[in-house]
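*Asks:* Here is what each chain is made of, one letter per residue.
There are 2 protein chains.
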Amino acid sequence: MNTPLLNDRLLRAMLREPVDRTPVWIMRQAGRYLPEYRQVRERAGDFMTLCKTPELACQVTLQPLARFPLDAAILFSDILTIPDAMGLGLHFVEGEGPRFKQSLQTAADIRRLAPPVMDELRYVFDAVSLIRRELAGRVPLIGFAGSPWTLACYMVEGGSSSDFSRIRSLLYDQPELLHHLLNVLALTITDYLNEQIAAGAQAVQIFDTWGGLLTSAAYREFSLAYAKKIIAGLRREHEGRRVPVVWFTKNGHLLEDMAGAGCDVLGLDWTADLTEARRRVGGKVALQGNLDPAVLRAKPSVIRGEVAKILANYGKGSGHVFNLGHGITPDVPVEHAAELVNAVVELSPAYH
Amino acid sequence: MNTPLLNDRLLRAMLREPVDRTPVWIMRQAGRYLPEYRQVRERAGDFMTLCKTPELACQVTLQPLARFPLDAAILFSDILTIPDAMGLGLHFVEGEGPRFKQSLQTAADIRRLAPPVMDELRYVFDAVSLIRRELAGRVPLIGFAGSPWTLACYMVEGGSSSDFSRIRSLLYDQPELLHHLLNVLALTITDYLNEQIAAGAQAVQIFDTWGGLLTSAAYREFSLAYAKKIIAGLRREHEGRRVPVVWFTKNGHLLEDMAGAGCDVLGLDWTADLTEARRRVGGKVALQGNLDPAVLRAKPSVIRGEVAKILANYGKGSGHVFNLGHGITPDVPVEHAAELVNAVVELSPAYH
Numbered sequence: 231m232n233t234p235l236l237n238d239r240l241l242r243a244m245l246r247e248p249v250d251r252t253p254v255w256i257m258r259q260a261g262r263y264l265p266e267y268r269q270v271r272e273r274a275g276d277f278m279t280l281c282k283t284p285e286l287a288c289q290v291t292l293q294p295l296a297r298f299p300l301d302a303a304i305l306f307s308d309i310l311t312i313p314d315a316m317g318l319g320l321h322f323v324e325g326e327g328p329r330f331k332q333s334l335q336t337a338a339d340i341r342r343l344a345p346p347v348m349d350e351l352r353y354v355f356d357a358v359s360l361i362r363r364e365l366a367g368r369v370p371l372i373g374f375a376g377s378p379w380t381l382a383c384y385m386v387e388g389g390s391s392s393d394f395s396r397i398r399s400l401l402y403d404q405p406e407l408l409h410h411l412l413n414v415l416a417l418t419i420t421d422y423l424n425e426q427i428a429a430g431a432q433a434v435q436i437f438d439t440w441g442g443l444l445t446s447a448a449y450r451e452f453s454l455a456y457a458k459k460i461i462a463g464l465r466r467e468h469e470g471r472r473v474p475v476v477w478f479t480k481n482g483h484l485l486e487d488m489a490g491a492g493c494d495v496l497g498l499d500w501t502a503d504l505t506e507a508r509r510r511v512g513g514k515v516a517l518q519g520n521l522d523p524a525v526l527r528a529k530p531s532v533i534r535g536e537v538a539k540i541l542a543n544y545g546k547g548s549g550h551v552f553n554l555g556h557g558i559t560p561d562v563p564v565e566h567a568a569e570l571v572n573a574v575v576e577l578s579p580a581y582h
Numbered sequence: 231m232n233t234p235l236l237n238d239r240l241l242r243a244m245l246r247e248p249v250d251r252t253p254v255w256i257m258r259q260a261g262r263y264l265p266e267y268r269q270v271r272e273r274a275g276d277f278m279t280l281c282k283t284p285e286l287a288c289q290v291t292l293q294p295l296a297r298f299p300l301d302a303a304i305l306f307s308d309i310l311t312i313p314d315a316m317g318l319g320l321h322f323v324e325g326e327g328p329r330f331k332q333s334l335q336t337a338a339d340i341r342r343l344a345p346p347v348m349d350e351l352r353y354v355f356d357a358v359s360l361i362r363r364e365l366a367g368r369v370p371l372i373g374f375a376g377s378p379w380t381l382a383c384y385m386v387e388g389g390s391s392s393d394f395s396r397i398r399s400l401l402y403d404q405p406e407l408l409h410h411l412l413n414v415l416a417l418t419i420t421d422y423l424n425e426q427i428a429a430g431a432q433a434v435q436i437f438d439t440w441g442g443l444l445t446s447a448a449y450r451e452f453s454l455a456y457a458k459k460i461i462a463g464l465r466r467e468h469e470g471r472r473v474p475v476v477w478f479t480k481n482g483h484l485l486e487d488m489a490g491a492g493c494d495v496l497g498l499d500w501t502a503d504l505t506e507a508r509r510r511v512g513g514k515v516a517l518q519g520n521l522d523p524a525v526l527r528a529k530p531s532v533i534r535g536e537v538a539k540i541l542a543n544y545g546k547g548s549g550h551v552f553n554l555g556h557g558i559t560p561d562v563p564v565e566h567a568a569e570l571v572n573a574v575v576e577l578s579p580a581y582h
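Just so you know, the protein sequences line up as chains C and L, in that order. To get this note's numbering, take the position in the first sequence, counting from 1, and add 230. To get this note's numbering, take the position in the second sequence, counting from 1, and add 230.
Bound-form chain C, shown alone (with noise of 0.2 Å):
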């Protein structure tokens, strides 16, 4: 644990401290776009146990950084380790994504519903301190967890959806059994994040994929109070460092109020403009984002473009880390990936 950090510019960046270029990471950079991953993958099964199993999870988990000069290590893992925890059975179903066996249908399913217990969550911790061990200070390691919104979309839905329709009717009729569901849920969600930095994640990320389904007073009701209550309940400071925090709502668009959440960095979709959002947050935070995961399967030169317009659209000044504003898709060439990370570490450097 107490190997020094080697490259701590993607910390530096979220507190908006002085760099000497703008950091790099990508969302699902351990993905199936990687032969070497989908190598390790196949011999482990299935995507479950991949996540289950701390040495393949800190496995795949290295491989971007073999290839390429990433500035952080995101722990493999999926955000509904969580619910399958509580008893509701993931698996995946190929081409369909997630799945539960268990939905939460009725009201009582609801109201049964306990925390799991942490320890059904050892092998995440477990992977997050393997992982630091094989690190060793090359780069910081960042860690997750969905919003208490989005785990709650899965869960009454029982699985993924393209609306989302019955939270959503749930949101309306039924408002005090989803606050409910709710606060269970970020009690959890903050001990899980707890539990990861204390094993070693040096910044999390709370994923709330889902947030952009809401009306804006549903949004701040519904997803951005549970942010506020899970990130006033994180441990900030580890290792003698402050462990940042990243907010992330696809489609979101409160800049203003998700700047208040507490959060060090807001990150943002491929829809939102970084040198409008940074005038609205106005200083209050870091900004992670936000090159369009389609750019990766245009030739190289477009690629190189793309990040070019990003890096000047945020402008001089650290307080932003480049980013995809989605996750990488598995259908795009690896050299591609390279081109993208190449081209900020070689015209970043002239915005600080």
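Derived by calculation from the structure, the hints in this document are not laboratory data. It should be emphasised that the depicted structure is a prediction, and the values quoted were computed from it without experimental measurement. Hints are supplied without guarantee of correctness; some may be wrong.
[Claimed, not checked] What follows is a list of derived Cβ distance ranges for each label pair:
#1 L:GLY319 x C:LYS331: 38 to 46 Å
#2 C:GLU285 x L:PHE322: 31 to 39 Å
#3 L:GLY512 x C:ASN237: 29 to 37 Å
#4 C:GLY512 x L:ASP561: 40 to 48 Å
[To be verified] Below, in silico cross-link-like pairs of lysine-lysine (DSBU-like), each with a Cα-Cα straight-line distance of 30 Å or less:
#5 C:LYS480 x L:LYS282
#6 C:LYS458 x L:LYS480
#7 C:LYS514 x C:LYS529
From the three backbone atoms N, C-alpha and C, an ideal C-beta is built for every residue, glycine too.
Put chain L on the given structure of chain C with help from the hints.
*Replies:* Just chain L now, kept in the frame of chain C:
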């Protein structure tokens, strides 16, 4: 054609002229939530027969007006009639949405695509004339089309998609090819809407359903630029009245830009805040929307409360057309749709 319009509340509100109460219509108001619609749909056999038979299209267009005191009829049709007339072979797969027999797979496919002969779409204009006759001036009739970007999304993908990744790659890799396609579509849509207006449509709406998938820069270049082109080419006066144009982008967030596209009304989805949106468009356009369709599955008292909030959010004065933020879903009880309309009728006079 020369029957006087007995209820012009919609047209007046769209032009920000004084009204006695806020007009209301519902996106997809002639749809599967109505048992009488399902009956006609079943007899017709398939959805496209319904669209292509003016008598049936007219019949279902009028159905919701017999139930609710709505302030407009909207042509029963589909945004994909244009690519269908271009020879792509539109059909609907149960539970999966629209599919084309042929999608635009290659640059050659796109380059050889010719604008349709307008006569192929005669059934639409015939339906418009017939509906106007049957309406006998009770309320105005709204015509519509999809935006070039939205039609191109379906045409390149070959159907619906969660992220339309093929066209988003095309956008970055071969922007000039995409512009060619969008140009052909914009010309066609202009003619198509002008024919609807000539046949009797008293307002028109352009559905930019997938504009919200784009970055700010790409939205301006690949969606909004074509909105401007189309709107500039539309016949804006017919039968002695102005024909208002509504531009609807789902997840649209560049309101100031949208307000400058030449439209009279911006259609907003439920994630927008009407107070904020009204401030941002600064009296340049009227606003249409934006109740979350999920509200209609909640109990009537909740529906009434949420309608009240939307009315209060817009505030006093004309320039608001009440609607959902997206189409009504098939699982909504008819009494709930009635409660929505009644609540607008009863609560909105206080704002005028």
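*Asks:* Hint by hint, say whether it matches the structure.
*Replies:* How the hints compare with the structure:
no.	hint	result
1	L:GLY319 x C:LYS331: 38 to 46 Å	40 Å, holds
2	C:GLU285 x L:PHE322: 31 to 39 Å	49 Å, violated
3	L:GLY512 x C:ASN237: 29 to 37 Å	47 Å, violated
4	C:GLY512 x L:ASP561: 40 to 48 Å	43 Å, holds
5	C:LYS480 x L:LYS282	39 Å, violated
6	C:LYS458 x L:LYS480	28 Å, holds
7	C:LYS514 x C:LYS529	36 Å, violated
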